[in-house]
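Chains as they are written, first to last, in this note's numbering: chain A, 4 to 1024; chain B, 2 to 448.
None of these hints come from the bench; they were simulated from the model. It is possible that some hints are incorrect.
Subject to a maximum C-alpha distance of 30 Å in a straight line, what follows is the list of computed DSSO-like cross-link-like pairs (lysine-lysine) [unchecked claim]:
#1 B/Lys-318 with A/Lys-306
#2 A/Lys-584 with B/Lys-22
#3 A/Lys-289 with B/Lys-426
#4 B/Lys-21 with A/Lys-584
#5 B/Lys-318 with A/Lys-289
#6 A/Lys-840 with B/Lys-426
#7 A/Lys-808 with B/Lys-426
#8 B/Lys-426 with A/Lys-306
#9 B/Lys-177 with A/Lys-794
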Amino acid sequence: MKIAIISWIVLLPLFTYAQYQDNITLSGVIIDAQTKTPLPGATVHLKNTTHDALTNDKGEFNFLTGQHLPITFQVSYIGYKQTEVTLNQRTGIVIGLTAVNTQLNDVVVVGYGTRQRKNLISSVSKVNAAGIKDIPVAGVDAQLQGKAAGVQINSNTGVPGDGVFIRIRGATSINAGNDPLYVVDGVFINNTSLQTISTGGRATSPIADINPADIESIEVLKDASATAIYGSRGANGVVIITTKRGKLGTKPSINFNTSHGWAWAPQLWDLTTGPEHAMLINEFYKNSEADALAAGDQAGIKKYAQLPFRPVADGGRGTPEEQQTYDRLHKLFRTGLLHNYNLSVQGGTPTNKYYIGAGYTQQEADIKPIYFNRASLKFNFDQNIGNKITVGTSNSLYRSFRNQARSGDGPQGGLLQSALHTPTYLPEVNPDGTPARYAGFDNLDVLLNNYDVNTTSLRYIGNLYAEVEIIPALKFRTSWSLDYNHYDESEYWNNLTQLGAAPTNGLATSALTQNTTWINEQTLSYHKTFNNTHTVGILIGNTLQSNIQSTTAAQGSGFPSNAFKLISAAATRTASQLWTKANLASFFGRVDYNYANKYFAEFSIRADGSSRFGANHQFGYFPAVGAAWRLKEEGFLKDVNPISELKLRGSVGITGNQNGINNFAARGLWSGGAGYPDNTTGGDQPGIYPLQLANPDLRWEKTRQANIGLDLGLLNDRIGIEVNLYSKYTTDALLQLPVNAISGFNTYASNTGEISNKGYEVAINTSNIRNSRFTWQTSFNISGNTNKIEKLPVPVTYYNRDWVKLQQGYSMYSFWLYRQLYVDPETGDAVFEDVNKDGQITVADRQIMGSAIPTFFGGITNDFTFDGFDLGIAFTFQYGNKVYNLNRFFGEGGGTRDANRVLFADQLKRWQKPGDVTDVPRLTAYGNNYTLEQNSRFLEDGSFLKLSALTLGYTVPKRITSRAGFQTVRLYFTGSNLLLLKKYSGPDPEINVTSLQNVQGLDLGTAPQPRTVQFGVNVTL
Amino acid sequence: MQIHKYILPYLAAVLLLSCKKFLDVQPQDAIADDAGVITDKSSAETAVRGLYRALSDNAYYGSTFVTLGYLCGDNIVWTGSQSVIQQFISHNIRADNANVASAWSGIYATINRANYIIDKVQAVTDPLLTQDLKNQFLGEAYFTRALCYFDLARTWGGVQITLTPTTTPDDKYGIKRSTAAQTYDQVLSDLVAADSLLPATTNRFRATRKTVWALRARYHLYRQQWADAENYAGKVIADSANYKLVQPYSAFFANNATATSESVLELSYSTTYTNNHRNYWQPPANGGTRQWAPNDALLALVNDPAIGGNRSSLVAKTAAGLWYGNLYYRSPATDPAYTIRIAELWLIRAEARAQRNDLAGAISDLNAVRARAGVAPTEAATQANLLLAIENERRLEFAFEGHRWFDLVRTGRAAAVLGITDPNKLLLPVPAAEVLNDPDLEQNPGY
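Could you build all of it, start to finish, from the sequences and the hints given here?
Shown next, in the form of structure tokens:
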């Protein structure tokens, strides 16, 4: 304030003596018109002057002015209607602001700028970070579930900090990435996992490094007019994350938040007991023997002649009744602990503002021994130098530690293989007391006591910028940004675990990965209104970006004992190194125009040059054009009171995609690493081999998107409705196209596929009740997307057993199965659909049956406040997606896997005698009942409705807290995943075994998402 | 304005040039083949080593192809969870079997590497690359290609023949399948070429002229050209200074032995290039998965001192009483691929002699192998009994090497021994994905 006062004193001689006489204080307070609470940080402007003031933390303002009464005040504050009042008093002024019920007046961050929502042409969802930050998933990406229309988000596992499936307006690509571009404070950050070790097919999420508590707001850019300014990386949408920055001229505000709670799996699997398992296996042998006799299969007759579960004295495993049941699941699953601490200070002087934040989070998974913790430090600072120059910096430092384990596919070290897939009748220890291992799985106790796999991610994300106002309304900005991630992984399998057991004698891996992205960006922007009617904005800019990723890994085996854990102690050591680099040079521009806040038009273009593509196709051009019409401003609607806002929007443009493909995908390459000896004594000598076919024509994947939208505000904006219809069409899709194997290669990088996505989004925000004591707001969104592979020369299958098939004319993530029609009640045999009617079931009868893509999805959130209490109830839902239950596939093997796999309780529903009506066929090794693997019987409906978050808070009345020196004290309870309605037979349909992007909805060996409750307190000083 | 005239174009040029340079990023772990890769001695010799690494890849002789040979026989029981394995054992192989696809593409990848060498090495003008070296490299490539087409022919019948390196993705479309006879003719033509190019040295890890003779012996056996088979087998056996039946049987593999005199061609592995075999065979107690194991029938034979003799060292038993195959056991997994052993040449000559009614010669050859295994001389006296005795000897001698299935198919005994009544099943299905991808590739009948 001091500087402001001084500047007024300097200006004093300019005023006449009479004015000098009037130059005394104007003071007052700005409050919420309904709740009567003061509004700190509101801008008070005296009309027709250059005088501005910000209210302090008590909502008060002060002016020294020479203006004559009456004075017209213009008061603005985010979330409130701008108000203009003319008053005849100098002190004791009270101006009430009316809250805007919808987001129409919000400031929305768009690419390289901001817009008021009412002036927005493009389709952008804004998510208020405050509403989601208490959901105990590590990453902000997972917290967004159900909050933004058109954005499908699924956490695929209960492991905190693991990868999240996110699709904005559908999947546009098969081999290039489908994840959105993440921009944090102007920095394009890496969101591809750096994981190299195996955790059973899953991958960690780099987004989980970011502390959600530092986030101010999140914008999701969806249509082409919003994303084309990001050119070759815009096709999958853009998530812009803005962190907190403090406010000019506010006192330091210290905030401390802590919460603690528990996480556990609400449902586990229903398994057979030992005696049941034995009884089923004996039945399987009986039936198989009969079938072997019928088929005259001598080997089979011999094999199945004796029941395995017969008295030990007869050489059997004991009778079924003698079998014990060993519960391994409850040894593995636990109630995990959650701890969360965040401390921040923010504020500013009239010329600068700052935010300092520190946080620590620890989250244990619902299975042992997995946990995640993250420490973070945040420093944002902006300094005005004179009136024309602003410099500033954003800095985030994160350390994410993950205690990892294999929860997913693969037998060795697999926690759920050991706990879930081991038959229940088998004891944990051998007769001699040593830990028992079965079916290629590790012993669970050994795993739980000896797991030693962890990852530390150290990450810095930051930038430095300077902004200069060259002439009024013309601004130049330059920035340098860095995203640096050091990812340190280590695995140690001692000699008790299967991987490290003799003869390996301990197996250790250490991998260090560094990912560095630096960005330099310049923009020149001009924004001015002429004659109060024509507003013109111009933006031009360029970006240079370089990314280098390198990994150095070492592996050792043959350790002297379990006390030695470092590779330097290993007898056998191998090392490997990877290095890759990509550069991107871009130029972009945007022109926007609006006439009287009524007609809006915008054109943008970006040219991106990428080192990934051949010289002929290095540059791609991505234009977009959009227009909007605010009908409310027209004469015929101006006085129609029930309609407070009506706007039509439309846009069309082209965006690109180049993510996820190899940096050198276009090149014909020969690789080293194919060494072989020249003779029997010399050992390996270096060797080379053709690695990859060249495709000099490799180029961008392009997505054309058209969007039409409608924004409607009713009843003084108490009801806000936003509707969008879109159509995306991707051409030149980047595809690892299979090439016939006789060429010596398997695939090559090509631009072949075409994919379409069409969909709708509806978002409705209502302020149902708002008075001084009670408020109730509802946000609802629903979206549907139809995905179709329009062109794909050769179908592509994924995952072992080819569960997933991408084929022209079908949706992505489709399952490829044999359709089991029914189980014949007379014979007990499964009857499969003979698609080509040739009388036998062959590969030709496998068909595409449903997809992991939902028909529609969305969320509904209700927020209530009553005096000091607040209650938030958020549901998310998804309908029509399919999940293939691979756990059941293994657990209902009908006895074919005998002692190698558990039998699920559902196996007891098998056909036993003529007349039985069931879909679980007769147990036998013969025929198709259990040997035709890709059986549609295990394809299940994955629809769900989930109470994703329930928060109840109580803010202690100010009269109590202020006595203790606190501004606010809020106590709260948060629960997540408290209710899950589903048809799916497994614990959670929101699940996937792998991070392979084209494989979705496969449930195998993955920890289900936890149910959590937390208690917390939030104190502001 | 004058300044702008010069400065602006200059700035634009600098910008464009620096942009071009900025966007030119080269890989460091691979080289671009824009200007050709095999250009001098060093690149030629490294490419030949890369060829052997393809031959020894896990898709081919490393494990997958070899497993086809024994899993389809009658020695193995499936004990794992992957039912693609069960398809082999029950002779009910589906066209989408992933292991079949893996072997198919592994073999053709090897052919492509051989084609590169055959196409490029002759034209290299590097004084260090002498004509002798060129001949050696070319001969090794011809030998390897011969082995590839031989393996393709005996597994799938006539296949598509490609003799040039692949440089573009559509290079190898439009090729029809050759007949089995044409494919075998290609094998012979490559073997003849290799014979003329390679020196008659001894190198157990790589092909020499003597390795060519050994493969020719096998080739002529498969083609039932008994005289040639006897002749070529005899040429290798005659080199007894370098190739002999090591005593006892286990000496060629036990105690981490490599490159014993038993081996005519043995592919080499190291901690960098490991071999998947042990992982499938060894029980979990030894860090394996025991996807399959010797079946009761084989165990009875191999553990019978009168039949298996000291070949019982092929199997072992865990503390828990589980039998497992122990030919591939090393840790790290560096078990060699025993591609051609001298025992095979003895048995080839025995069979060829028996077929030519040289029963005494046949008996003596067979007994050489039996004696090494520590079992009594054969009692077979008639031609028919002798042939059966040789077949049974091969079953045990190569129990976990990739011979049994191909032996039963080539002798027409698959129906009698394995109970395969559908003759279409004697050839494996062409991988379904390949048939789908290549309109000129026809599926084998019955799949």
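Taking the hints in turn, this is what the structure says about them:
no. : hint                     : in the structure
1   : B/Lys-318 with A/Lys-306 : holds (20 Å)
2   : A/Lys-584 with B/Lys-22  : holds (14 Å)
3   : A/Lys-289 with B/Lys-426 : holds (29 Å)
4   : B/Lys-21 with A/Lys-584  : holds (15 Å)
5   : B/Lys-318 with A/Lys-289 : holds (28 Å)
6   : A/Lys-840 with B/Lys-426 : holds (22 Å)
7   : A/Lys-808 with B/Lys-426 : holds (27 Å)
8   : B/Lys-426 with A/Lys-306 : holds (23 Å)
9   : B/Lys-177 with A/Lys-794 : holds (27 Å)
Against the hints set out earlier in the document, no violation occurs for any number.
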